[in-house]
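Undergrad: Given next are the chains, with one letter for each unit.
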Amino acid sequence: MRKGMSHGARSAMFAPLDQLGRAEAVAARLVDAITLGLLADAERLPSEAELAAQFGVSTVTVREALVVLRQRGLVETRRGRGGGSFVTAPAGGPSPSWQDSLRAVSLGELRDIGDHYAAIAGAAARLAADRSSTEDIQRLELATADLRSATGVEVARAERQFHLEVAAAAQSPRLTQEEVQLQRACGGLLWLPLGSGEPGGHEEHRAITEAISDGAGDAARRLTEDHVLNAVDRLAGLHLDLGP
Amino acid sequence: MDETRQVVGDEIVEHVSTLVEGVFDRLKPILVAVDTLLAGPSRPHADELDRLSPQVRDALGGIVIGAGFVCAPRTLSDQEFGFQWWETAPGGPPTQLFISLDPASESFLDYTRQSWFTVPRDTGRRHITGPYVDYLCTDEYTLTFTIPVRRQGSFAGVVGADVYVREFERALRPVLRPLGSRAALVNAQGRVIVSNSIRQVTGSLVREVDVASWWMTQAPLRGGTTLRRCGDAPIALVNSAAR
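The listed protein sequences derive, respectively, from chains A and B. Here the working numbering is used: the first residue of the first sequence is 39, the next is one more, and so on. Here the working numbering is used: the first residue of the second sequence is 627, the next is one more, and so on.
What the hints contain is simulated information worked out from the structure, not anything from laboratory work. Backbone N, C-alpha and C fix where the C-beta goes; we use that ideal spot for every residue, glycine too. It is possible that part of the hints are untrue.
To be verified - Where chain A lies over chain B, by a calculated footprint (3+ residues, C-beta under 8 Å):
id, segment
1, 723-729
2, 765-779
3, 825-832
Given only the sequences and the hints, what does the whole structure look like? Please build it.
TA: Quick look at the structure:
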């Protein structure tokens with residue numbers, strides 16, 4: 039729970055429920071908490087066991103309630119490390135626009151995000167060049183083709199899938215997990231849903247795929263780093279244009 | 627290959643087959659339940675997939691850490707994609723997997739491109755995918771066992787199980803050891819699943835032999851390296867020549 043939430047608010051929210059319609063009641067309580075801002079956007083919910091104990095219901099009931107929240111788009115459940123149920127609805131209105139997100143970040147932070155992402159994606163590309171099989175290359179080619187005609191949110195999706203495929207082709211669970219985390223944290227910013235996406239993005243993906251297919255590890259890494267840094271440069275330009 | 631190595635090779639091949647069949651056997655009750663679900667005159671609704679959960683959860687155990695049914699597009703009447711998949715959780719009951727099924731969403735990732743889906747679809751036969759990093763589900767180095775399912779003559783999806791490569795490795799290492807440092811189990815592309823050698827570690831590609839080509843004919847090789855398929859699984863035992 040959010041630190042600083044009053045004891046009263048917390049205990050009221052988690053007071054045990056009446057018998058009837060328990061799943062709906064749990065869902066309603068959680069919806070209220072999200073709407074009132076008692077649970078913040080991107081905050082991880084307590085575990086099912088914890089919620090069950092606090093509401094005085096079974097974990098099955100909690101799970102049913104989470105299904106309702108998921109269907110309403112208020113909660114997203116992520117599997118794997120760092121997984122759990124996360125709130126996806128900020129209190130008080132629609133998510134900040136990309137302009138707000140971009141304005142809020144500093145140039146230095148953008149550069150840092152770019153450095154981190156380039157390091158992971160670049161290393162993955164080099165390993166993929168050494169380790170990928172024909173099947174892996176085929177999937178990379180499919181992912182590359184996606185970017186050619188992508189617009190809006192398809193651009194973000196095509197970028198995400200391509201870099202995930204590269205990390206998977208590298209045969210590295212750790213680099214793949216890093217890639218997943220980075221996409222979660224800054225994928226929305228790096229691959230903005232703008233018009234037709236980065237000019238040359240598709241060509242860059244093709245060059246990377248070719249280098250991987252040729253087993254040219256150093257080239258694959260360099261091309262990937264350049265691809266990420268180009269995206270960051272474009273963002274930096276937009277950031278400056280947006281002004282204060 | 628001298629007799630001892632032949633005998634040990636036989637043991638390994640049999641051990642692998644037993645392990646593989648053990649996984650596919652766990653999926654049989656799910657297949658039955660899926661057939662029942664798909665047997666109606668009209669396509670099922672997405673929420674009817676929940677009827678599979680008892681059989682899916684029962685399939686978990688041993689080396690199987692994930693299992694379920696994944697639909698082919700438009701198998702369901704009210705959604706393009708859908709699946710019912712459960713995974714084991716350390717120290718707790720199994721948990722259900724949810725990923726974005728909305729193609730318009732930024733976080734949607736297309737599962738219909740993965741080999742565990744396309745190979746059973748295209749060949750009509752069961753398949754073992756991997757070793758691969760499963761970024762859609764486990765985020766771990768995984769082997770995925772899948773069996774195609776049909777409805778009214780058309781491909782309707784796959785029933786499957788996930789096994790961590792490290793668990794597969796743990797089960798087979800002791801059996802592989804007697805063959806010494808040049809033995810490995812590889813998939814049909816020549817990617818190492820389990821090996822006795824740090825030179826040919828899990829995940830690397832065997833380059834001394836073109837395994838993918840050999841797989842077409844499975845003819846005996848010249849030179850000291852031998853390849854033997856393990857039953858009808860896409861897994862082969864590689865035994866390199868002594869140098």
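Undergrad: Which earlier hints can't be squared with this structure?
TA: none
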